[in-house]
Amino acid sequence: MTSDNTTLDASAPRLEVDALLDDPHTRIVVCCGSGGVGKTTTAAALGVRAAERGRKVVVLTIDPARRLAQSMGISELDNVPRQVKGVDETSGGELHAMMLDMKRTFDEIVEGHADADRARAILENPFYQSLSAGFAGTQEYMAMEKLGQLRANDEWDLIIVDTPPSRSALDFLDAPKRLGSFLDGKFIRVLMAPAKVGGRAGMKFLNVGMSMMTGTLSKLMGGQLLRDVQTFVAAMDTMFGGFRTRADATYRLLQAPGTAFLVVAAPERDALREAAYFVERLAAEQMPLAGLVLNRVHGSGAAQLSAERALAAAEALTDRMAEDTHADPPADADAEAGPAPDTVAGPAADRTENNLEANGIVDLDGGKAGSRTAGGLSPAAAAEHVTPTSASAAQLAAGLLRLHAERMQVLARERRTRDRFTALHPEVPVTEVAALPGDVHDLAGLRAIGDRLALNPTDTDD
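For the sequence shown, my numbering begins at 3 and goes up steadily by one.
Incorrect hints may have been included.
Estimated spans, in silico, between C-beta atoms of each pair [unchecked claim]:
(1) Ala258 with Val412: 34 to 42 angstroms
(2) Tyr253 with Ala425: 29 to 37 angstroms
(3) Ala396 with Asp444: 40 to 48 angstroms
(4) Gln85 with Ala414: 40 to 48 angstroms
Derived SDA-like pairs: lysine to any residue, alpha-carbon spacing no greater than 25 angstroms straight-line [said to hold, decoys possible]:
(5) Lys105 with Ala118
(6) Lys58 with Val442
(7) Lys58 with Thr107
(8) Lys58 with Leu291
(9) Lys105 with Asn127
(10) Lys58 with Asp25
(11) Lys58 with Gly150
(12) Lys58 with Arg254
(13) Lys87 with Gly440
(14) Lys58 with Asn81
(15) Lys105 with Asp80
(16) Lys105 with His115
(17) Lys58 with Pro259
(18) Lys105 with Asn81
(19) Lys58 with Gln257
(20) Lys105 with Glu157
(21) Lys105 with Gln131
(22) Lys105 with Gly244
(23) Lys87 with Arg449
(24) Lys58 with Gly88
(25) Lys105 with Asn155
(26) Lys105 with Val82
(27) Lys58 with Leu457
(28) Lys58 with Ala450
(29) Lys58 with His27
(30) Lys105 with Gln85
(31) Lys58 with Ser77
(32) Lys58 with Met100
(33) Lys58 with Gly260
(34) Lys105 with Arg248
(35) Lys58 with Ala154
(36) Lys58 with Ala292
(37) Lys105 with Arg122
(38) Lys58 with Arg449
(39) Lys87 with Asp159
(40) Lys105 with Ala251
Just so you know, the hints here were simulated from the structure itself, not pulled from any lab data. All C-beta atoms in this analysis are idealised placements derived from N, C-alpha and C, irrespective of residue type, glycine included.
Make the full structure from the sequences, and use the hints.
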């Protein structure tokens, strides 16, 4: 058991992050999972750690929030990898980062696979502009296109991919095939028919053979949109087979031994349910799963004090304070206090009038916190300071005990959620990342996350 109590049970396999990053055969790491679980931060932290351990790394993010650029000290990221300054390169590594520009990547595909005139016709086509900017699945498809380009260039020996934020883990895996099928599917082939026949003969062929279908399409899409689609399809004719080919090649790349998927999740029920579903899908698709990163796990340095005991102690302190507040004064309090100052006579009166007592000097004005007797604070000062201080200390202790109880309840809930996942998937290696007290906004924060990602239980004190 570690001091922060975030150690996995001995039965759960441990995800060795450093071994994964140091392995020269690992060429692609894909961070995936549901939205809001820290995929971008995890990908960036892995990139920093790998670069400072000697790898030449590029991190590809698809997150539009631009947190990666901010944390790496870069004013902005775009479709071109930019080197990150401030990374320790003494081991020979480098770190570059980029953010996917979906439309620009699509434009690059067109420009790279069509002559200048045809490329210009495609880029200016209204239907293409809509398709490249927001067609369902385009972002995921272009992420895979960009991954394929980076891998083909062979400029970096490790590519870390931060997958698109998505409510469904299936989108990332399905999009390349879905968009590739659309661009190379029967619907597109039907629309290509007039162009293939050519001119008026083509339109006559279309009107005679498919008048009912085109009438329906015109109603659904509008006549102008249908003409834009047909023009787009005619210009893209020579490229459609390439979309399917590249989609298939990228899919095989994701299945290759040099690729490692990391499922990132928070220790929450919905996030781990999504993670479990993703693990099952990766297994079904024969994708190489490296393990689970359980992010933002809470811990406590006083885990031996249970929530129940902490609450019981807080209640006991509260009850004790209530009893002290309502306690009656002692029956002999007046007798102990002695006669009032104006009734004292004799030598004792002389001493009292001169602020003297047998054991030292007293302050008859009741009061000043700084006045002392030979035995310590005066009675007035003691009444003013000692008793309220004791009460406030007890109140503070009770409040801290209740906060600790809440923390222990959070820990117990996170453990139950984690244990349900490991019971369902005992073969999946897991690493837990202790929650930081604040947000990550610089390289130092990313290094701290990297340290937690690679933390071994034996590195901490019991």
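Quiz item: Taken at face value, is the distance from the CA of Pro259 to the CA of Lys58 at most 25 angstroms?
Solution: 19 angstroms, holds
Are the Cα positions of Lys105 and His115 separated by 25 angstroms at most? 16 angstroms, holds
* Is Lys58 close enough to Val442, meaning Cα to Cα at most 25 angstroms? -> 23 angstroms, holds
### Message
What's the verdict on Lys58 and Arg254, does the C-alpha distance respect the 25 angstroms limit or exceed it?
### Response
23 angstroms, holds
Pairwise hint evaluation, Asn155 against Lys105, where the allowed Cα distance is 25 angstroms at most | 21 angstroms, holds
- Is the hinted pair Lys105 and Gly244 satisfied, with a Cα-Cα distance of at most 25 angstroms? Distance ~18 angstroms between Lys105 and Gly244 Cα, so the pair holds.
Does Lys58 pair with Leu457 here, judged by a C-alpha cut-off of 25 angstroms?
Judged against 25 angstroms, a Cα distance of about 22 angstroms means the pair holds.
Please verify whether Lys58 and Gln257 have alpha carbons no more than 25 angstroms apart. 22 angstroms, holds
Next pair to validate is Lys105 with Arg122; report whether the Cα-Cα distance is within 25 angstroms. 15 angstroms, holds
Given the range 40 to 48 angstroms, decide if the beta-carbon distance of Ala396 to Asp444 lies inside it.
-> 41 angstroms, holds
Is the hinted pair Lys105 and Ala118 satisfied, with a Cα-Cα distance of at most 25 angstroms?
-> The given pair, whose Cα atoms are some 18 angstroms apart, holds under the 25 angstroms limit.
ask   = Is Lys105 within 25 angstroms of Gln85, Cα to Cα?
value = Holds - the C-alpha atoms of Gln85 and Lys105 are around 23 angstroms apart, at most 25 angstroms.
Violated hints for the displayed structure: none, as all numbered hints are satisfied.
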